[in-house]
Amino acid sequence: MNAIAREQPFSPPEPATHPDLLAVGQPPIPAMALRGLSKRFGEKIAVHEVDLTVPVGSFYGLVGPNGAGKTTTISMAVGLLRPDTGSSRIFGVDVWEEPLRAKALVGVMPDGMVMPERLTGRELLVYLGQLRGLPPDDVYARADDLLDALGLLGAERTLIAEYSAGMRKKIVLATALLHAPSLLILDEPLEAVDPVSASTIKRILQRFVASGGSVVLSSHVMPLVEQLCDHVAIIDKGVVAAAGRLDEVRGGRSLEDAFVQLVSGGPATAVRLAWLDNGPQHH
Amino acid sequence: MLDTLIHMKLAVLRHSPRPIANWRTAVGLALAIITILLAIYPTGSTAQTGDLLKMAIGAWTLGWVLAPIQTGAGADEPIMPEHLALLPIAPRRLANGLLATLFVGMGPVITLGAFFALPVFGARLGPAAAITGTLAMLLHLALAILLSRVVIGITSQALASRFGLEFAALQYAIVISLSLVGWVIPAALAQDRRLLDDPFAFLSHGLPHGMQVALRMSPASWGTSAIIAADEHRWLAVAGYLAGLVALIAALVWIWDAQVSRRLEIRQRRAGGRISRPSWIQRRLPSSPLWASANRAMLTWSREPRMALEARIAVLGGIFIVAIPAAVNWTQIVAWVGVIVLILGASTSCNLYGLEGSAFWMTLLTPGAIPADVRGKQIAYLMKFGPVALVLSLIATAWGEQWWAWTWIAAIFPAALGAGAGAMIVVSARGAVPVPEASRKSGNLVAAADNTAQTIITIALVLVALLPTVAMLYLAGRYGWPLLEWIAIAMGIGSGVLATWWGGRWTISWLGRNGPELLTRLRYG
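Order-wise, the sequence lines are chains A and B. Offset between the first sequence (1-based) and this note's numbering: plus 176. Offset between the second sequence (1-based) and this note's numbering: plus 56.
Source of the hints: derived by calculation from the structure; they are not laboratory data. It is possible that part of the hints are untrue.
As the list claims (entries may be wrong) - Ranges between beta-carbon positions, derived for each pair:
#	chain 1	residue 1	chain 2	residue 2	range
1	B	58	A	334	26 to 34 Å
2	A	333	B	443	49 to 57 Å
3	A	277	B	85	43 to 51 Å
4	B	307	A	402	50 to 58 Å
5	A	277	B	227	39 to 47 Å
6	B	146	A	217	26 to 34 Å
7	A	382	B	307	31 to 39 Å
8	A	320	B	66	53 to 61 Å
9	B	58	A	241	40 to 48 Å
10	B	418	A	263	39 to 47 Å
11	A	277	B	303	34 to 42 Å
12	B	302	A	227	48 to 56 Å
Quantities reported herein were computed from a predicted structural model and do not represent experimental measurements. All C-beta atoms, glycine included, are put in the ideal place defined by N, C-alpha and C.
Extracted from the complex, chain A is given alone in its bound form (with noise of 0.2 Å):
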């Protein structure tokens, strides 16, 4: 089945309306706030006094090049990594003194973590479901969507150990929808997906953010960002070098440009690789 053929576009279940957000005439809760976030591992300081707010509603890109502390960040602010200093708030609620409420907004797609690798994907959601408490109807209905919408329904007999890299991140995308979060935080979430299903989670995310959710998605891919993000900040060798919103921060150029400026300084130079210059050579 073709995703973009479907005519009933899949929706993505309904973002709860966070209580704390109700509240009239005070200032409005952001759907994330790091605060003097750092992490050292060793003698590398991976991350260093990290501040990014993130605004209801917002579609928040955080770019930066490898290694500069973006997984760590993202580590940090859902709770899977204890920083040194500073804290992390979803919807206000502090992820390192009230872990569960605010594991109960967010849905977070991680980068790199392990799996349960001999479930097949209808498993590892339902068993998901069921133990975050979801209503039984609801775990098995969202399972299927999920999977349809992703279109994993395929691979019903498939065990996670012999999905593809790009599978396996559609999978842990379903596993962040899963209870309709108020947040999403995305780690690289389109690396390795097909164009097909990579517009298919355009959409999804857009509609998302559309019924009041709020996304946070990291990425190398400027386009991507371009295309999707109101809001972009960049992180270069553990702090932000700039955030705000996306126009403000590309100030007239593309976001590569950019981007290429803040990071290395400069546009980037010419590299040779002296022994590719002569054309292929057989032995």
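We have chain A; now place chain B onto it with these hints.
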């Protein structure tokens, strides 16, 4: 939550590549039946039957602790804390839920069957003893399984540091050698030659006093002791023994909770192991495909925490197996230390391709790399265990003044070394068992595949390869012909070279034909 986790575990077991009714189950069931038979074996007294049961329960418990490291059995974790880290469930609640899943599986069922010997033993004595036996059965099952998991957790944590690795290896080596030859200590202390001459004499005569005392102190015996106390109406003692078991279990649950909570957070991205510099010799090896692959295999041996641990256990275990009897003046086997190290070394090196995992694609895609890879792994094995085993043999024979052993060692040592290098590479390729890959590893660095069968086959192959040489030595001794001794030495060296060469050749040709299939197996399990 509990039933979901148990369903989850059952689903994983259902998808296991192995059928549930495999030879492991059969062997386990047979051992369980033997254990139950011990409870009704007609010994002279209740106390003697009790001693048998104490030893049997101790052996099962020890098996649960040692098997994950020795053979990989029970070291895997179908459901890891890491899988559930994002759920809004309190760590302690999750830990207790995961605890319940530990009791789901064939291993616990078979062990429960074996421990059924306790109520059987109790039923022979009376109703109170039978009830005590039933309680003891459940407590001992909980103790064995929890101890196993907690030890895996502690070892895994230890492997992250150099000191921890050495310390864990030392401990495992001591426990393994004690379980194999520890019985000589009380036997020697009691001046009781019967046990040394006929290890099965205890079936008819009972255990020597020293060993009884040692047994009584071990928690593995408390359930049996409680049953005997119930039979004698010593209720305080019954309560004491059972409370002791409950206290131990509570302590283990406490540690388990802490271990699970710890793993719900990412501590530091580390694969365990250290970046050791190549040794002086390694830096001077010639530059060629063969030596590159030998070098790579040697680096893996020092950096992959599980391989480093197993190699150390082989060497230290060999030393302790001869040193413990020697400490009580029973020095007959001292000269064999080198050969024992070689056999243990081969048995811990029989899953090299499994440990390499899907990284095998690099060998598969590089033209002509398979022969270099196979021979390189063999060279690495010879260099890892050969010199250290040889030095140990020389020191031990000199220390024990066992000059007679020179001929035997000159013949058997090369035979064992070569047979090991041949057998381990054949089994590594043909019987490769995929292990969790480093990039997908969780907080459990010990996680491994169950290669019990492969371990046993490797040891058997090495022993079979030694047979001709041993037979020739026996004839030489029997008829006193020096010429036969020389022939035996030549046979030992010749069979060693032949085994290494042939094992490598067979593996090269097998990998040439089945490389892609092996890669598929390593990748998808």
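Practice task
Starting from the hint list further up, note which numbers the structure goes against and sort them upward.
Solution key: The structure conflicts with hints 7 and 8, although it agrees with all the remaining ones.
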